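If you read the protein sequences in the order shown, they are chains A and B. If you use this note's numbering, the first sequence corresponds to residues 1 to 384, in order. If you use this note's numbering, the second sequence corresponds to residues 1 to 133, in order.
Wrong hints could be hidden among the right ones.
[To be verified] Just some of the chain B residues that point at chain A, by a computed CB distance under 8 Å:
hint, residue
1, PRO10
2, PRO12
3, TYR67
4, ARG73
5, GLY77
6, SER118
[Claimed, not checked] Some chain A residues well away from chain B (every beta-carbon gap over 10 Å; in silico):
hint, residue
7, ARG73
8, VAL133
9, ARG383
To be clear, the hints were calculated from the coordinates, so they are not data collected in a lab. What you are looking at is a predicted structure, and each value in this text was computed from that prediction instead of being measured. We put the CB at the ideal spot given by N, CA and C, even for glycine.
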Amino acid sequence: MSLRNRAYIAGAFEHPTRLAPDKSTPQLHAECAAGALADAGLSLEDVDGYFCATDAPGFGPISMIDYLGLKVRHTDSTEMGGCTYIQHVAHAAEAIALGKCKVALITLAGRPRSENVMRFRPGAPESAFEQFVGLTNHTSYGMCAVRHMHEHGTTSEQLAWIKVAASHHAQHNEHAMLPKVVTVEEVLESPMIADPLHRLDCCVTTDGGGALVVVAPEIARSLKRPLVALRGAGEATKGPSGGLGLDLTTSAAARSGPAAFAEAGVTPADIKYASIYDSFTITVLIQLEDLGFCAKGEGGKFVADGNLISGTGKLPFNTDGGGLCSNHPMFRGGITKVIEAVRQLRGEAHPAVQVPDCDLAVATGIGGSLGARHGAATVILERQ
Amino acid sequence: MMSERRYPAPEPNAETRVFWDAAAKGVLKIKNCRACFRAHYYPRAICPHCGSDTTEWVTSEGAGEIYSVSVMRRGEGAPFAVAYVTLDEGPAVLTNIVDCDPDSLAIGQRVRIAFKPSEEGAPPVPTFTPSGD
Ligand SMILES: [Zn+2]
Chain A
1 MSLRNRAYIA GAFEHPTRLA PDKSTPQLHA ECAAGALADA GLSLEDVDGY FCATDAPGFG
61 PISMIDYLGL KVRHTDSTEM GGCTYIQHVA HAAEAIALGK CKVALITLAG RPRSENVMRF
121 RPGAPESAFE QFVGLTNHTS YGMCAVRHMH EHGTTSEQLA WIKVAASHHA QHNEHAMLPK
181 VVTVEEVLES PMIADPLHRL DCCVTTDGGG ALVVVAPEIA RSLKRPLVAL RGAGEATKGP
241 SGGLGLDLTT SAAARSGPAA FAEAGVTPAD IKYASIYDSF TITVLIQLED LGFCAKGEGG
301 KFVADGNLIS GTGKLPFNTD GGGLCSNHPM FRGGITKVIE AVRQLRGEAH PAVQVPDCDL
361 AVATGIGGSL GARHGAATVI LERQ
Chain B
1 MMSERRYPAP EPNAETRVFW DAAAKGVLKI KNCRACFRAH YYPRAICPHC GSDTTEWVTS
61 EGAGEIYSVS VMRRGEGAPF AVAYVTLDEG PAVLTNIVDC DPDSLAIGQR VRIAFKPSEE
121 GAPPVPTFTP SGD
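Start from the sequences, fold in the hints, and give me the full structure.
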């Protein structure tokens with residue numbers, strides 16, 4: 001059994017806010033839910049499945065279901081860090097394919113700029129052995145970049161091109177946190193945060209959120225929106241797992257990506273647009289290799305010279321400006337990756353960055369800590 | 001030189017107490033598996049390589065080389081070096097490289113164990129320092 005054409009993304013909404021001092025986090029979830037349902041032409045009472053992760057306040061999905069006033073027959077609170085919501089799309093399709101629900105609502109929201117968000121995970125088996133190290137995402141992803149440079153000769157200039165491409169797209173996004181076009185030199189001259197990652201190699205921190213509505217085929221066809229089908233999906237995790245054979249240059253996307261392409265029956269060469277989770281520039285480079293857009297070690301050459309810029313490059317990516325320039329709500333960029341892919345497939349991206357005849361897109365992400373333990377989720381989406 | 005960081009107290013439990021008791025004596029313990037003959041770190045009761053419960057504590061020589069390293073330049077205690085060290089026995093250890101110029105560190109560099117005190121009455125933490133060999 002394949003997930004191909006078993007479910008469609010009928011509604012997608014990205015909250016326009018990037019700073020929300022006067023709203024609550026549940027309120028942001030509710031506003032995103034309302035936005036995605038309105039986009040689909042559905043209402044709260046149509047929802048019979050609800051998907052959220054640990055950014056949702058309260059007790060698993062129960063508090064938010066009660067807060068939103070939902071009456072559902074299926075819930076899923078799968079948690080895999082920032083890429084969770086890409087995974088939720090696939091899990092919603094699985095539930096729909098099995099008849100467990102027909103209208104699945106996925107929400108993400110948070111206010112890391114407006115409130116002090118606790119992020120540690122008490123009781124994790126590795127805590128006593130790793131907490132003292134002071135590992136943050138900066139040094140975790142920094143170690144991956146250092147190792148990639150060591151093994152493959154990747155340069156800071158090549159990494160900077162990823163940010164430059166994102167900034168070229170962000171200039172057309174009125175909601176982008178950083179709408180200014182930057183140069184390779186500006187990236188390299190920005191302050192070093194954790195070697196070799198400069199401030200402009202890092203994504204933004206934003207308040208905000210997003211929501212998606214995934215529906216059964218017969219519901220999708222009854223609505224007035226373009227048909228965006230799930231064609232394939234994959235997920236995987238990776239970690240040191242005892243510390244033998246550590247490899248920081250390959251991510252779990254090396255398994256989630258090929259699984260998604262295999263289910264979809266397409267190859268990277270068929271993809272017209274790619275949403276690639278961009279917590280840091282190195283995150284994009286490693287995923288491009290792992291998904292097969294280029295060979296391992298060739299990522300630096302692949303991204304250089306504006307190759308990711310829509311209209312001129314070979315592979316237009318993150319045309320909303322991505323997490324590097326536009327939005328990274330609650331430190332979680334998975335949902336915005338799916339949302340921009342849906343915009344592209346509908347032909348609703350900004351005209352300056354819209355990919356012509358965009359009928360096949362990938363959205364992929366990393367959740368957790370790439371240099372420690374992490375998950376990856378990949379979906380292939382198709383306009384029909 | 002890097003500034004002295006304050007290390008939080010690790011919390012030993014029934015599965016890991018041997019490790020932390022040894023650490024208090026300056027000894028680095030890792031686990032070996034009697035079923036698959038492979039070592040692992042951080043230590044578990046059940047082998048993560050094969051699932052056997054016949055794991056045993058062994059003393060590591062505490063020597064290895066840097067697999068990768070990134071120097072944190074911002075925030076409390078910065079600059080400080082975060083690294084994976086591949087022990088001569090095989091497993092990689094996520095750790096800090098201490099008592100050195102962080103800008104001098106490189107992949108492949110030899111290091112040795114150098115426990116650092118955490119909080120009063122709590123075990124020290126396993127950091128490493130360049131060994132010059
Ligand atoms: Zn074993």
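Status of the hints after comparison with the structure:
Annotation: interface hint on PRO10 (chain B) holds; nearest CB of chain A at approximately 4 Å, less than 8 Å. Because the closest C-beta pair between PRO12 (chain B) and chain A is about 7 Å apart, less than 8 Å, the hint holds. Checking TYR67 (chain B) against chain A: minimum C-beta separation of about 6 Å stays under 8 Å; hint holds. A least Cβ separation of about 5 Å between ARG73 (chain B) and chain A falls short of the 8 Å threshold, and the interface hint therefore holds.
Satisfaction of the interface hint for GLY77 (chain B) is found here, the shortest Cβ-Cβ separation to chain A being roughly 7 Å, below the 8 Å cut-off. Hint status for SER118 (chain B): holds, given a least beta-carbon distance of 7 Å to chain A, under 8 Å. Chain B leaves ARG73 (chain A) outside its interface by the beta-carbon criterion, the shortest separation being 37 Å against a cut-off of 10 Å. A beta-carbon of chain B is positioned within 10 Å of the beta-carbon of VAL133 (chain A); the least distance is around 6 Å.
With a least CB separation of 41 Å from chain B, ARG383 (chain A) remains clear of the 10 Å interface cut-off, as annotated.
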